[in-house]
Amino acid sequence: MIEDEPKEKVREEFSYELRIPKDRVGAVVGKEGATKKQLEAQTNSKIQISADGDVHILGDDSFSVYLAKEVVRAVGRGFNPLAALNLVKTDYTMEVIDLRHYTGDNKNALLRLRGRVIGTEGKSRQELEHLAEVNISVYGKTIAIIGPVERVTEARRALELILSGSKHSTAYRYLEKKRRDWALEKAKI
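Just so we're aligned, residue 1 is where the sequence shown starts under my numbering, counting upward by one.
Just so you know, the hints here were simulated from the structure itself, not pulled from any lab data.
Virtual Cβ for every residue (Gly too), placed ideally from N, Cα, C.
Where hints are given, some of them may not hold.
With a Cα cut of at most 20 Å, we get these calculated SDA-like pairs of lysine to any residue [unchecked claim]:
(1) K141 with S169
(2) K69 with E40
(3) K37 with L18
(4) K188 with Y172
(5) K69 with R24
(6) K36 with L18
(7) K69 with K107
(8) K37 with R24
(9) K177 with E133
(10) K69 with V88
(11) K141 with L99
(12) K141 with T103
(13) K37 with L58
(14) K141 with D105
(15) K167 with K186
(16) K186 with L161
(17) K46 with L99
(18) K22 with N44
(19) K36 with D54
(20) K46 with S15
(21) K141 with L58
(22) K141 with R19
(23) K22 with G78
(24) K36 with Q48
(25) K178 with S166
(26) K186 with H168
(27) K107 with I118
(28) K69 with L58
(29) K141 with R73
(30) K89 with R19
(31) K69 with Q38
Simulated restraints on C-beta separations [as the list claims (entries may be wrong)]:
(32) D52 with G115: 23 to 31 Å
(33) K177 with Q48: 45 to 53 Å
(34) L111 with Y16: 18 to 26 Å
(35) K141 with G165: 12 to 20 Å
(36) Q48 with D105: 16 to 24 Å
(37) E133 with K22: 27 to 35 Å
(38) A34 with A187: 36 to 44 Å
(39) G119 with P21: 20 to 28 Å
(40) K31 with L58: 17 to 25 Å
Using the sequences and the hints, build the whole thing.
This is the structure:
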């Protein structure tokens, strides 16, 4: 038997829940909710956030929810929302390095490694960001990197050199060589 009536399209909604640190809730919401609205518009999703950092993301498709989750997670990791919104671009990714792999539970070692990555007045982090053309956030017990996939991979390798005790100049030289390789690759295209 053939039905002539068109079937009603069922609207399926996807959701995801995550938690971010309380001190990053304001960064997600922004002044008068402006940042949250921008995140929702760019990721085609709806974001609900509580004062204690519980985030509920709703969307019509799983990809929108995934993008919103990644952007909110990045803001929760210490990135400013504009840097986090780069994750909407298809070739961008975020990698997180857990400093406890290098320090165990030693708080002094954790502070020392954070200091090595950040450098005096943030110069080391800025130099790494400049050479690799990525954004780096040192927050809590983690270091997060946002950028194009291959650049994030190389920035991670440079950070691992520093975290393993290599001189900063070794990591910078490594990235300078990679930067020349990227320029040559770009020139071939």
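Each hint, compared with the structure:
| no. | hint | in the structure |
| --- | --- | --- |
| 1 | K141 with S169 | violated (24 Å) |
| 2 | K69 with E40 | holds (11 Å) |
| 3 | K37 with L18 | holds (18 Å) |
| 4 | K188 with Y172 | violated (24 Å) |
| 5 | K69 with R24 | holds (14 Å) |
| 6 | K36 with L18 | holds (15 Å) |
| 7 | K69 with K107 | violated (30 Å) |
| 8 | K37 with R24 | holds (16 Å) |
| 9 | K177 with E133 | holds (13 Å) |
| 10 | K69 with V88 | holds (11 Å) |
| 11 | K141 with L99 | holds (5 Å) |
| 12 | K141 with T103 | holds (10 Å) |
| 13 | K37 with L58 | holds (13 Å) |
| 14 | K141 with D105 | holds (10 Å) |
| 15 | K167 with K186 | violated (29 Å) |
| 16 | K186 with L161 | violated (26 Å) |
| 17 | K46 with L99 | violated (33 Å) |
| 18 | K22 with N44 | violated (24 Å) |
| 19 | K36 with D54 | holds (14 Å) |
| 20 | K46 with S15 | holds (9 Å) |
| 21 | K141 with L58 | violated (29 Å) |
| 22 | K141 with R19 | holds (16 Å) |
| 23 | K22 with G78 | holds (12 Å) |
| 24 | K36 with Q48 | holds (9 Å) |
| 25 | K178 with S166 | holds (17 Å) |
| 26 | K186 with H168 | violated (27 Å) |
| 27 | K107 with I118 | holds (16 Å) |
| 28 | K69 with L58 | holds (10 Å) |
| 29 | K141 with R73 | holds (15 Å) |
| 30 | K89 with R19 | violated (23 Å) |
| 31 | K69 with Q38 | holds (14 Å) |
| 32 | D52 with G115: 23 to 31 Å | holds (30 Å) |
| 33 | K177 with Q48: 45 to 53 Å | holds (46 Å) |
| 34 | L111 with Y16: 18 to 26 Å | violated (33 Å) |
| 35 | K141 with G165: 12 to 20 Å | holds (19 Å) |
| 36 | Q48 with D105: 16 to 24 Å | violated (35 Å) |
| 37 | E133 with K22: 27 to 35 Å | holds (32 Å) |
| 38 | A34 with A187: 36 to 44 Å | holds (41 Å) |
| 39 | G119 with P21: 20 to 28 Å | holds (24 Å) |
| 40 | K31 with L58: 17 to 25 Å | holds (23 Å) |
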